Amino acid sequence: MTLDAKIPSGPIQEKWDRHRFELKLVNPANRRKHDIIVVGTGLAGASAAASLGELGYNVKAFCYQDSARRAHSIAAQGGINAAKNYRNDGDSIYRLFYDTVKGGDFRAREANVYRLAQVSVDIIDQCVAQGVPFAREYGGLLDNRSFGGAQVSRTFYAKGQTGQQLLIGAYQALMRQVQEGRVELFTRHEMLDIVIVNGKARGIITRDLETGKIERFAADAVCLATGGYSNVFFLSTNAKNCNVTATYRAHKRGALFANPCYTQIHPTCIPQSGDHQSKLTLMSESLRNDGRVWVPKAVGDKRAPHEIPDSERDYYLERKYPAFGNLAPRDIASRAAKEQADSNHGVGPTGLGVYLDFRDAIKRESRKKIEEKYQNLFAIYHEITGEDAYQTPMRIYPAPHYTMGGLWVDYDLMSNVAGLFVLGEANFSDHGANRLGASALMQGLADGYFIAPYTLGGYIAGTKLDRVTTDHAAFGEVENEVRTKIDRFLSMKGKQTVDHFHRKLGKMMWDHCGMGRNAAGLGKLLVDIPALREEFWSDCRVVGTNEELNQTLERAGRVADYLEFAEMMVIDALERDESCGGHFREEHQIEGEAKRDDEDFCYVAAWEHQGVGKKPLVHKEPLVFENVKLAQRSYK
Amino acid sequence: MKFTLQIWRQASAKAPGKLVSYQVDDISADTSFLEMLDILNDTLEAKGESPVAFDSDCREGICGTCSCMIDGQAHGPGKGTTTCQIYMRDFADGATLVIEPFRAKAFPIIKDLVVDRAAFDRIIAAGGYISVNTGSAPDAHALAVPRDDAEEAFSAAQCIGCGACVAQCKNASAMLFVGAKVSHLALLPQGKPERTKRVIDMVAKMDAEGFGNCTNEAECEAACPKQISLTHIARLNRELLRAKILG
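Chains as they are written, first to last, in this note's numbering: chain D, 1 to 636; chain W, 1 to 247.
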């Protein structure tokens, strides 16, 4: 198989315009003859479903939540980037493009990133028109702030609830299309498989989470916007039910999975407090605009933070990265925190923590100003820890947060399976090996509002699509497989709970495939994961039946997929024998920083499924940099 | 810490339900309320018993998925928090906690503590949006919005659609939910063109879904995890009156 990203020719500034012109169009009167399935209603899914509905297609949208408004995009706090240059501080589309490519440690596809920067400005316009209440200045115009990895202020925000406000905008646009009959919405429905007919994605099989009913849906194209796989670590900042099932099962049907080892460990999360914990909570990166990160200089200094004078504090980010200081990119800030903990400078009861201190900002700007900016974040911190961060510094530590890897897609956001489009975090395309803050919201909405509606139309107009209904034999076969799998879960009569296996897998992955990775640890995982998988099938127990709301059964399906998926992630991490962005191979570093190997690894690794327990086959898409010069990434 | 839990168990929408008593021991004070239920469910599953079904997702107080009444309070004790943000240190050791689903005619029970809140989606579909197709927006700075209006709109827009306002209200009224959306959009210049139609359609849908009326007791405001103010209900009433007069 040769991977053709189908990147349009010509100068990077002209590629998207040229491509949009070249894409075939579907006549407005013909659009209603085409059914499109969108799975997931986060920023990417909701915006795509709404926009496709507006264009006149028949859209069916699915989500596992009880409402389309609840997807985990809602939890994004800090903001959304756009190259508006409203601050007159030197921003431009080219600079956003450059920052994103560099931030991704030169492992993203240039053409995709440039297009992302281009449409970023339209996203802000669209959201404001929808009534998204972005922060404004006294003159009534939009406010901006800066975010990690950038020296300009290009981040638009709505207090600490930017993701929520953007998602509600997209959700309302979606509900408007539901009202108009253009979109049919299926909540509490989980996609359990895709159906491929004659090499084209033509439908999905779902389970109604309320009744257990297994249903078939046919369409001319399928869009997956089902998010990332951070919950492979069990503890992450993702919602409890976020899962890899939709993308992984598509992978098992032939879709290539690209760069699964690229995971983002976010530097500012509330440290874990005990074994009972079910998730980790993020503290927005925006806090690093005003908070200063430090640890005591002396090893094992147990004094309360206010008793430690400045001269005995190590503001290590400011010391190591004077140009970017506390706004160093996420991968770098996370590793620096780990370094402090590893050298016994960590703070808090477990030693797995560093301080994020607002003392100086409050002194400089007043407590009221800081409250205006971050009130809800300080409140969240107080609820979870019982501590008042206006009085004492926050304790923070890195946690799994976002996954840059995902299903491989071409420039049109279509996977190698014709008619299977993948949007948002679920695809791999724009963030390389590390995502910059405030870029996930941008990418989700770019894909859904401004890219998929064009490219999907181009696919439908340019493809001969036979009439396929759910009576087709392929639907019957896939449905049978889905049913067999469910029966298998329900017939397991072991002693352990599903969560027992998930926690165990998560701990293994965090220890050996988390912030630091090495060949020995990864090799160990390749023995331990299959063993755990075997144990799962022999010693797990799922109570209840299929024909009811059965949350244990839902989790069993997701954990079973993680137990297979994790192995591919580890193989990818092992074979990528270099460090880049969030993928830090301890064998490859220069003074603690990631050391890339452009000679041997300047490519996308896209894995083809070969069977459970069998090593997947790698396909390589070389990355060509025509505009940004490959360089050692420096924030010093 | 130790607790006695009285939990509403109901196998399905049509099945009869009842409170069932459970004991949980060895709960650390830093455990969240939902993690405590996770622990209970682990022990139930280990015994082959059916775990307690409850909704939750983000577990950081923003998605609006979690619900339930704890000792008669929607989202339990504590101001401005969702159920997932309640920690066991908020309760006395040895306490008995009564845990029930949100109760309202318009929120039918699905199972145990899980209810169907799709009525909220249908109210939004009736008009809770600004009709602007993708691509047709003017430049974001074409329209300045006074900061105070933007802030007030934001305070209404914070609603997470959890339904606590309805569950806490003796009339099962959805006025705070509807008021928040009507306020959010009516306060912004972008929302003005549809202002009249929006409020009429949303209120009509609210009534049709079987939610009760507001009798100004402010239980909703007290229960709201985002502390959305009752003034949005006052604005809803003004908007409705204005719309009816303008017709």
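Calculated from the structure, these hints are not laboratory results.
It should be emphasised that the depicted structure is a prediction, and the values quoted were computed from it without experimental measurement.
Heads up, a few of these hints could be off.
[As the list claims (entries may be wrong)] With a Cα cut of at most 25 Å, we get these calculated SDA-like pairs of lysine to any residue:
1. W:Lys-192 x D:Leu-141
2. W:Lys-79 x D:Pro-393
3. D:Lys-252 x D:Arg-555
4. D:Lys-495 x W:Gly-48
5. D:Lys-495 x W:Ile-27
6. D:Lys-252 x D:Glu-586
7. W:Lys-18 x D:Glu-548
8. W:Lys-192 x W:Thr-231
9. W:Lys-47 x D:His-276
10. D:Lys-507 x W:Thr-43
[To be verified] Pulled a few chain W residues facing chain D out of the computed Cβ check, cut under 8 Å:
11. Gln-23
12. Ala-46
13. Ser-50
Backbone N, C-alpha and C define an ideal beta-carbon position, used for all residues, glycine too.
Hints, verified against the model:
1. W:Lys-192 x D:Leu-141: holds (18 Å)
2. W:Lys-79 x D:Pro-393: The hint holds at about 24 Å.
3. D:Lys-252 x D:Arg-555: Status holds; Cα separation ~19 Å.
4. D:Lys-495 x W:Gly-48: Holds, at about 9 Å.
5. D:Lys-495 x W:Ile-27: holds (22 Å)
6. D:Lys-252 x D:Glu-586: violated (31 Å)
7. W:Lys-18 x D:Glu-548: Measuring from Cα to Cα gives roughly 18 Å; hence the hint holds.
8. W:Lys-192 x W:Thr-231: At roughly 19 Å apart (the allowed maximum being 25 Å), Thr-231 (chain W) and Lys-192 (chain W) satisfy the hint.
9. W:Lys-47 x D:His-276: holds (19 Å)
10. D:Lys-507 x W:Thr-43: It holds: about 21 Å lies between the C-alpha atoms, which stays within 25 Å.
11. Gln-23: Cβ of Gln-23 (chain W) sits 17 Å from chain D, so the hint is violated.
12. Ala-46: At 6 Å from the nearest chain D Cβ, Ala-46 (chain W) passes the 8 Å test, so the hint holds.
13. Ser-50: With a minimum Cβ separation of about 6 Å from chain D (threshold 8 Å), the hint on Ser-50 (chain W) holds.
Hints 6, 11 from the earlier list are contradicted by this structure; the remaining hints agree with it.
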